[in-house]
Amino acid sequence: MPSTLEKIRILGANSKYDICASTASSRTDKYPKLFGDTNKWVGAAASAGICHSYTPDGRCMSLFKTLYTNKCIYSCKYCFTQNCKQRLSFTPEEYARTFMKLYSMNVVEGVFISSGVCGSADDTTEDMLETIRLLRFKYHFQGYIHFKCLPGVSQYLLKEAICLSDRISVNTEASTKEHLAEIAEQKDFMNDIITRQRWLKQIRIRHNEETLKVMKDWKQDNHLEFQEKMIKDRREDGYKKFRWDGAPILNGGQTTQFVVGAAEHETDWDLLKRIDWQYRQIDLRRAYFSSFIPIEGTPLANKVAAPLAREHRLYQSDWLLRIYHYKLKDLQEVLTEEGNLPRGDPKIHFARHYFKEHGLVDPNQTSYQELLRVPGIGPISAKRIINLRAQKFKFKRREDLKSIGVVLKRADPYLIINGRNQTTLQNFFDPDKSKISQEGI
Amino acid sequence: MKKSASCQDPLEVIGRAKGYSRDELIMNLPRHVKFTPNLIQQIKKLPEVYLRNSGSPMAKKLIRMMREVSLETYRAIQFTRTEINNRGILFGVVLLKHRVLDLVLKYFHKRWPQCVICLYNEHTRRTGIINEKGTIREVNFTLKEVVEKIGKTRPIVPYFEDIQFSGEEIFETLYNSQNIIERENPRYFKKMIPDYCYELPGMRNGVEKRFSSRNKKLNEFLK
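Top to bottom, those sequences are chains A and B. Once you know that position 60 of the first sequence is 60 in the numbering used here, the rest is easy, because the numbers rise by one and skip nothing. For the numbering used here, count along the second sequence from 1 and bump the result up by 1000.
Excised from the complex, chain B in its bound form (with noise of 0.2 Å):
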């Protein structure tokens, strides 16, 4: 039998150059905030050597859905400020569009696994919770009512109690003092925390924002 023009693509051939496989695409779509089901039936369709060639206009809308997606965790994960109280709760604020909270939450479970961690997602208005056990709820709450509730249940741990102090000030401290003036690039700065970066709940605050004059807004220089 007489192969077709698609299977000489170099992209079929390799089977891992550029672009997503379809099992990744089938898995991870869903958690983008404008998938819609018959998105999946599309995928099955196509042959995966269209689906990885990023000139086809499908290609090119599913790899930036996929972008979208693993950037906003990525994201979260970098930008995301915790506290963590003397009952061993993990608590922090995120703003995810897209349906990664699970991922967000199992990052910081893996690190803190005798913790609770509790992440409230501004833009859904609800809080993700991960047990010690890594047992994934949301709840309809606010973040200060479900560490109060969660907090009732646990007994004060001396580990946790040791490192109830305030941290900003020390990485404000610490921030400031790793500056080399004579190296100061604002270009690769700019490239490195994106100016939509400091909209996320971390860093709206932040010490990278008060430290750099480059993203104030007129209102901001007259306050």
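Next up, chain A with everything else stripped away, as it sits in the complex (with noise of 0.2 Å):
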């Protein structure tokens, strides 16, 4: 019989790849407490979590994070099942309570729960729900869970799993329903996972629509009404408005993880189509990229790792298509003919190309969509000059820009104030790279 360390030992490495943030909840005092207001539940949910501890290669490790079991009946090409010798299980009991040793000496800030397929999913699901479920009603845990939802999962379960977690992933793990046959060919794209994602976003809206009206039946509260609007609304693009809606249920919402590089000819453009795709219609609340590492003894095992950097880069973009507010066919202006990222940030590359078009920026006239646009100025300083502009303020010196924050060494080349543009000497005399300068000027 191994021993919990063994297990966590095994499992834990298991789980290495699978990424997640440190706690993504916002259940915070000034929104209703899922589990009611007594002493006797212990920890909290906090929107920024507190990192307990990082791995030598930087990564924030305040999750107990390890799988519920490595015995799995799919075969992943990529996946470490493949050539896993030791095949283990948790048991729910052994679970929480190693949990809450490691919650009670402040070393871990919640739970992310994955497993293999042993069975049938819904077989571990139901394994995992149990553990869950001891985690907050026998520990009285109130604090973050990630539940991983496993491929083909039947919605009873993910009906009670939607209650009892903070945030759901189910992994895409591929752009297309063609990609994934490639790397794992049992997975069916359309019913095991796209459906479950569906699944959760319907059920989500539902709890949350039933819970607010019982909570304002019980007490009036505006608050409730902020929040049942923030819940709903949506941007333009389709993007949910309010990225934390404060919902009493599922508050960190759904996510989901790409392994990007498997698949032979998946390029960026497909997965940043997939996730734009996934943020409009299923209230995707962000996106995980991670790189494909080879694994010995696994299929692709002789096959390159991705570079890391490709990871990074996906993950600039997201951020461009979910915070700054970009479409997608702006960033399908900066990729390569291949249909990936180039080298470099994405926000420069558009920069580059967008400026040149439509001329340089004066802060004192654009509007906040514009501004997203320019290197150096993020949603945070965006708001600061639209502020400004609305109190009679007019920008005159670059030194404005920086006090509220601009960081001009990026925003310098696309900016005009007081008709003028800051410009570097090489490009002042190369007449082909001077283009933007000399609009400027």
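These are calculated hints, taken from the structure and not from any lab test. Computed from a predicted structure; not experimentally measured. Beta carbons: idealized from backbone N, C-alpha and C, even for Gly. Treat the hints loosely; a few may be bogus.
Away from chain A, derived, C-beta distances all over 12 Å, residues of chain B [as the list claims (entries may be wrong)]:
(1) R1081
(2) L1095
(3) K1149
(4) G1151
(5) F1165
(6) R1204
Reference listing, derived: stretches of chain A covered by chain B, where coverage requires no fewer than 3 residues with Cβ under 8 Å from a Cβ of chain B [as the list claims (entries may be wrong)]:
(7) 62-76
(8) 86-100
Each chain sits in its own coordinate frame; assemble them with the hints.
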């Protein structure tokens, strides 16, 4: 009988490629508490999680992240299960107790529970649910729980998981049906993954509407009205308007993960199209990308690892879509012929292209959306610029922008202040490169 | 009336630009170890725009002091390692130069509201205690004495009895299992856990230090 330590050693190592945020719930004091307000509840879930430790690759290690079991009926080509010699499973009690011990030591902040599919997805999910039931109702843990939805799981189990977790993720793994078939032929893209994601969206909305209705009947509160609006409101492009909507049920929303570079001809454009669709259609909170790393003994052992820079560019583009309100077609303009993102920051690539056509930006006149396209100006500094203009303030010096947080060394080439534009000597004398600069002078 | 030049400053117009407001400064600066009442008098005299402008020497000093206070609180919350006994007493050791023990105690109280929390501050050599009701007090006893004294007044609770086993080895195993060698990034790791954090009581013999060789001094290598 393997010890708990042995299980953590093996099942922890098997889950290390799963990516998740430290904690991502906004169940703070201003929102109604999911499990009541009595003293018996242990733990807290905050939007910006506290990282209690970091691994040597610099990743935050604040969740108890192990698989529930590494027995799996699937044989995905990139996955460790192909060469795993020792098959182990936790028991629900063992898992919950171990976590509570670590939580009492202040070394972890929450749970990330994932698993291989042992027997059927429903059987394994039932065991995983039993574990989080124990955590919630035996150990009274009200902190952060990230639950992994297994491919092909039944709807009734998802309904319960949604009520008990802060965040649920369904691993999409690849951008299209064809690419998934290439790396995990047993998984049905539409049925096992996309349908589950749609269910999660529907159940979350329905549960939250019902919960807010009950809360309103119980207590009249303007904040509840506002919360309802936050859950429903959308941007013009179909993305959710408020990323942190303060929903009482499944507060952290649903996420997904892609294995980048495992499928042969999968491009960044394919991945960007898929996440854009998921943000609009299934209310995805965010996508994670994991660069493919070959594991010995798997069918893809001889395949070259995907560069980490590719993963980084995808994250940058993802931020442009979600937070900077870029359109997908904006990103299409910067892609290489093969459909991949070029080396370097996609925002700078886009800005070079965009401002050549549209001319430079005057912070005294430009719209919020336009300001966000300038490298070195983020949502916060763009909002500050707009607020200042509303107060009739005029930007006359570069220092005015610097003092409100604009990164001038990036923004300078695209800004025109008082009819002047900063440029480098090289750009000034080189007629080809100085096109942008001369327009500004 | 003609507006003065400072009124047109963007930082004043926006009201919430960089830096801290006067109220925030007055409320939090007394926590700093080098705080003097004279500082508050100076803050009260200065216009807010001057306080918020990170270019002025006074504001630079204030922002630095505020950062030191908040960073020490955050590091204590992050890297304090605690133990819990079967009577519901959560205890640990901290090293706090500034007066932020109450903030750290409240953080643990929020997580373990049914426990009495005792934190021994190595700097002041006093122990801070917060009870179930959230009342805070500091005593001149060592941590061991405090835990023993409080333990005598509290019954054994099955909930806490259930998690009485050693967790250090478990955490070490979990930590080792999560490392992806292909992604190792020592510079980023150093940024996330700077060297001075290894001096904190919870991290002195922490797994992170044992796992990484970068912080070893010559003497430690020779051991």
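Outcome of the hint check:
1. R1081: Since the minimum Cβ distance to chain A is about 6 Å, R1081 of chain B lies within 12 Å and the statement is violated.
2. L1095: Nearest chain A Cβ is 15 Å from L1095 of chain B, so the label holds.
3. K1149: Per Cβ check, K1149 of chain B is outside 12 Å of chain A; nearest 21 Å; holds.
4. G1151: With a cut-off of 12 Å, G1151 of chain B remains clear of chain A, as the shortest Cβ separation is near 16 Å.
5. F1165: 6 Å, violated
6. R1204: At about 14 Å from chain A, R1204 of chain B clears the 12 Å cut-off, so the statement holds.
7. 62-76: holds (count 3)
8. 86-100: holds (count 3)
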